[in-house]
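Both chains are given apart, each in its own frame, so use the hints to dock them into the complex.
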Amino acid sequence: MELIANGLLEAARRVVTLDPDLVDAAAATLVVSGVATALAILTGVPLGAWLGRARFPGRDLFLSLVNTGMGLPPVVVGLFVAVLVWRSGPLGQLDWYCTREAMVVAQYILAAPTVIGLTAVAIQSVDPMLPIQLAALGASSRQVLAILVRETRLLLLTAAMAGLGAVISEIGASLMVGCNIKGDTRILTTAIALDTSKGEFGSAFALAFVLLLIVFAVNALTTWAQQRQATS
Amino acid sequence: MRSAAAALLGIILAACAAAPASAPSTSAVARTDVLLATTTSFQDSGLLDVLVVDFQKRTPFRIRASAVGTGAALAIGARGDADVVFVHAPEQELQFMAEGNGERRIFVMHNDFVLVGPPDDPARVKGRNALDALREIARVRAPFISRGDNSGTDFFEKALWRRAGVQPAGTWYVEAATGMGQTLTIASEKRAYTLSDRGTFLARRSQTQLGILVERDPPLINVYHVITVNPAKFPRVNSAGANAFADYLVSPQTQQLIGAFGVATYGQQLFVPDAGKDEGEAR
Numbered sequence: 002m003e004l005i006a007n008g009l010l011e012a013a014r015r016v017v018t019l020d021p022d023l024v025d026a027a028a029a030t031l032v033v034s035g036v037a038t039a040l041a042i043l044t045g046v047p048l049g050a051w052l053g054r055a056r057f058p059g060r061d062l063f064l065s066l067v068n069t070g071m072g073l074p075p076v077v078v079g080l081f082v083a084v085l086v087w088r089s090g091p092l093g094q095l096d097w098y099c100t101r102e103a104m105v106v107a108q109y110i111l112a113a114p115t116v117i118g119l120t121a122v123a124i125q126s127v128d129p130m131l132p133i134q135l136a137a138l139g140a141s142s143r144q145v146l147a148i149l150v151r152e153t154r155l156l157l158l159t160a161a162m163a164g165l166g167a168v169i170s171e172i173g174a175s176l177m178v179g180c181n182i183k184g185d186t187r188i189l190t191t192a193i194a195l196d197t198s199k200g201e202f203g204s205a206f207a208l209a210f211v212l213l214l215i216v217f218a219v220n221a222l223t224t225w226a227q228q229r230q231a232t233s
Numbered sequence: 015m016r017s018a019a020a021a022l023l024g025i026i027l028a029a030c031a032a033a034p035a036s037a038p039s040t041s042a043v044a045r046t047d048v049l050l051a052t053t054t055s056f057q058d059s060g061l062l063d064v065l066v067v068d069f070q071k072r073t074p075f076r077i078r079a080s081a082v083g084t085g086a087a088l089a090i091g092a093r094g095d096a097d098v099v100f101v102h103a104p105e106q107e108l109q110f111m112a113e114g115n116g117e118r119r120i121f122v123m124h125n126d127f128v129l130v131g132p133p134d135d136p137a138r139v140k141g142r143n144a145l146d147a148l149r150e151i152a153r154v155r156a157p158f159i160s161r162g163d164n165s166g167t168d169f170f171e172k173a174l175w176r177r178a179g180v181q182p183a184g185t186w187y188v189e190a191a192t193g194m195g196q197t198l199t200i201a202s203e204k205r206a207y208t209l210s211d212r213g214t215f216l217a218r219r220s221q222t223q224l225g226i227l228v229e230r231d232p233p234l235i236n237v238y239h240v241i242t243v244n245p246a247k248f249p250r251v252n253s254a255g256a257n258a259f260a261d262y263l264v265s266p267q268t269q270q271l272i273g274a275f276g277v278a279t280y281g282q283q284l285f286v287p288d289a290g291k292d293e294g295e296a297r
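So the sequences go chain by chain: A and B.
Counted the way the working numbering counts, the first sequence spans residues 2 to 233.
Counted the way the working numbering counts, the second sequence spans residues 15 to 297.
It is possible that some hints are incorrect.
[What the hints assert, rightly or not] A partial selection of chain B residues facing chain A, derived with a Cβ cut-off under 7 Å:
{"hint": "1", "residue": "D63"}
{"hint": "2", "residue": "R78"}
{"hint": "3", "residue": "A173"}
{"hint": "4", "residue": "G195"}
{"hint": "5", "residue": "A217"}
{"hint": "6", "residue": "R218"}
{"hint": "7", "residue": "R250"}
{"hint": "8", "residue": "S253"}
Source of the hints: derived by calculation from the structure; they are not laboratory data.
Please read all numbers here as calculations on a predicted model, not as lab measurements.
Heads up, the beta-carbon is just placed ideally off N, CA and C, and yes, glycines get one too.
Chain B with its partners taken away, still in its complex shape (with noise of 0.2 Å):
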């Protein structure tokens, strides 16, 4: 039985080395593969494809992304299953680097959020401050849809009604428990207000009916952060690729790439680079 497990696992591993794709990952190589941990904004948005494909080119290391949602993210690093995380939850992320679980953490970046809704506005929030809007949208009971997945932009919104000091609950408060991409889709067509990354709404706008309602408040300004996994706390993880991959994150070049990203595509800038600068600069 065991021979004959050992030698499935050998044709496995000849199959898929064999196989015609760009570059086989197998566990040969394993120490030039680095695990990276992520937010579905970061996947969604195009970002990620573009900065792994040129991080690639540049070192000799390979990046196998795991697209998840900040929470899953960092419960991933927390078991020392990734290398390094790179998520948007500022709160969440300390508490990691409290229990242990993170080495360096390095900001690398920010873009808003944006309060979208129905053009008609039925609550009446276009022009008020965040935390109004949110007021006013529980006050009249307005069609709202939540992430509800335990990604950064779930873990933002929830932080956003409790600064309003709002508890969001009925049937007016949908949690839709899918992507980004998703929930807009469904507050398009439920005629609902969602919070959405800038990015995800851009690239979304021409198949929704949806516009800004409030934006550019500093309540909605969104960190991103790079985390490389604890060496001293999990020993398998590959070191030196994650921390390759957190000083190509802040290198200049990569700097300027991820502040070009977009512009060509949807005539704004979708994140803006922010390395060497503190957390609070960006408010």
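Chain A extracted, bound-state conformation (with noise of 0.2 Å):
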């Protein structure tokens, strides 16, 4: 009982006080998943869309590859890109083991999948007869598409969320290729790793709470994106 006191006491405290190390970590989690999820996000919503639209064989197949995506265990994409960045790899050129760049690329390749399923899912949603609508109207395929993503925009927001949220809890990829480097690569997830095996409980705790809090925030966004979705 009195090491959970102290830790939660010891947490505020860092909390309260910035704590360096638990703001750098705080923000190379929110870089190194922004910028990851930002890719996915450019690369997955036109492909998502294209995909959703789109009727080719073997699309189905696609499909269930990019659904089966969505449940990559972090440590295997941790161990495949490991071994294409280190130096003795096909891309050892580039010298990006133990840097944030490796763990950007970890994490676009978690985080693109969901952001692909769930936007093919959502422009399958609108009403098959909009785009025959439009195109009947004279509107290009391009800008049919592009009326499509407008009408799917929160669903749109949800997957973006949703992708966000495959990578910013994520552990094992990011520990194998970034190497937990204290002021670079040390996410708060590998810093709460690192801490719990050194003891260290309240700087644990004080890193667990400030992650629990952006989780949090990023899920409070996509109920209150779903919610508006549903009234309006």
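In structure tokens form, the structure reads like this:
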């Protein structure tokens, strides 16, 4: 009990005084997961939108693969990316082992399938008559897609937030390719694991609290988007 | 497709370069970056962070440290994926050198292992020497938690069992496959014995129900070496950076820093600096 009480007290002190290690880890988490999610949205929304509308042989198989990608085990992705970016690996020239770049790549691979899959579902949820009517009114297929994206923007926000949610709490891949370097690649999750193994529970609690806060904000935004969609 | 991939790489690079972190690590500064593969105990004790910060203040180099355990660190070095390794498993290190993977191997410091266990000591090992204590634990089949993760500590523990002439196996011998801190927690919860480096144990003592039962026995001395990866075998290594870090570790100021580390926090010295000494002198 004393351990928990002291831990919580220490955690509160670190949060209130904006402990520099805590701020560094929180900033690194937001930068790495933010960039990875942004890239996943930039590439995943167009691909998902196309996938939602297109009809081609093997589409079901492709969608199944994307859905499988939503459940990719982070340690498997970590192993795969680590082997790629080691100097002896095919991307060795980049010298990305133990860098934020490698973490972004790993988290991108984890986030992109979620964004692609949920975007495809969102686009498909639109009344199938709408694109036909738009085309009849003379819209080009690119314009049709743009209107569909605008119509489903709240669902797409959900897709984006789900992508962020897939990576922000992730630890396996980030630890394996980022190496948990203090002030650089040490993010909230890897810092929690390290502090727990060092027995510094106060610091671990503080980091956990901030991570929970971020996850809560992401989910609150998602819920808000879904509820607005439901009532509009 | 190729240009799209190139654009993606560009965005990642730009985003990370613009990151507000203290010092972004991009490939453009690769030659000032030194990749260090090392042991988890070096990181868990806190000494790694202290030395890295000090080294970066004194030299133009930046350390990228991967704390993975001695077995993994040597494997990474043997592929040329690191510039310098800092480890504690002399047998494996000599093999690493024999295979031509290392250039310089320098004795830096030592600490010692302690055999810890429940204070009521069910196997009655307190006061025995280390090898007798292990034989007794095996004889009465008292629970023993092994790291089981190919770390330096794991290699060390396995070598001790060999020297004791015991093949540890059975339900009493548990391979945790986790770091030192976690292993101590498990030993405490399971009322089991385990082997720990002194530094990690002192750091965790207040959170566990474990006491030191065997210590200060010559077979328990744990020696650390720094090895620069051989640039003749792996031309891509940052040899200048690796040598700068190796020289830094054995410089008088650093040796003083190592000797003083932990005294303020734990009331005792955790590591004994050994630069210039022969490995045998530590024992």
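Interface hint for R218(B), Cβ within 7 Å of any Cβ on chain A: This hint holds: R218(B) lies near chain A, its Cβ roughly 5 Å from the closest one there, short of 7 Å.
Measuring from the C-beta of G195(B) to each C-beta in chain A, is the shortest one below 7 Å? With Cβ-Cβ at 4 Å, under 7 Å, it holds.
For the restraint on D63(B), tell me whether the closest CB of chain A is nearer than 7 Å. D63(B) check passes; min Cβ-Cβ to chain A is 5 Å, inside 7 Å.
Would you settle whether the hint for A173(B) is holds or violated, based on the nearest Cβ-Cβ distance to chain A being less than 7 Å? violated, 24 Å
Report holds or violated for the interface hint on A217(B), using the least CB-CB distance to chain A and a cut-off of 7 Å. Given a least distance of 6 Å, the restraint on A217(B) holds.
Status of the R250(B) interface restraint (C-beta, 7 Å, chain A): holds, 5 Å
Does the nearest C-beta of chain A fall within a distance shorter than 7 Å of the C-beta of S253(B)? Where the cut-off is 7 Å and the nearest Cβ of chain A is about 13 Å from S253(B), the hint is violated.
When the least beta-carbon distance from R78(B) to chain A is tested against 7 Å, hint result: Holds. Min distance 4 Å.
Violation of the numbered hints given earlier is confined to hints 3, 8; the remaining hints are satisfied by the structure.
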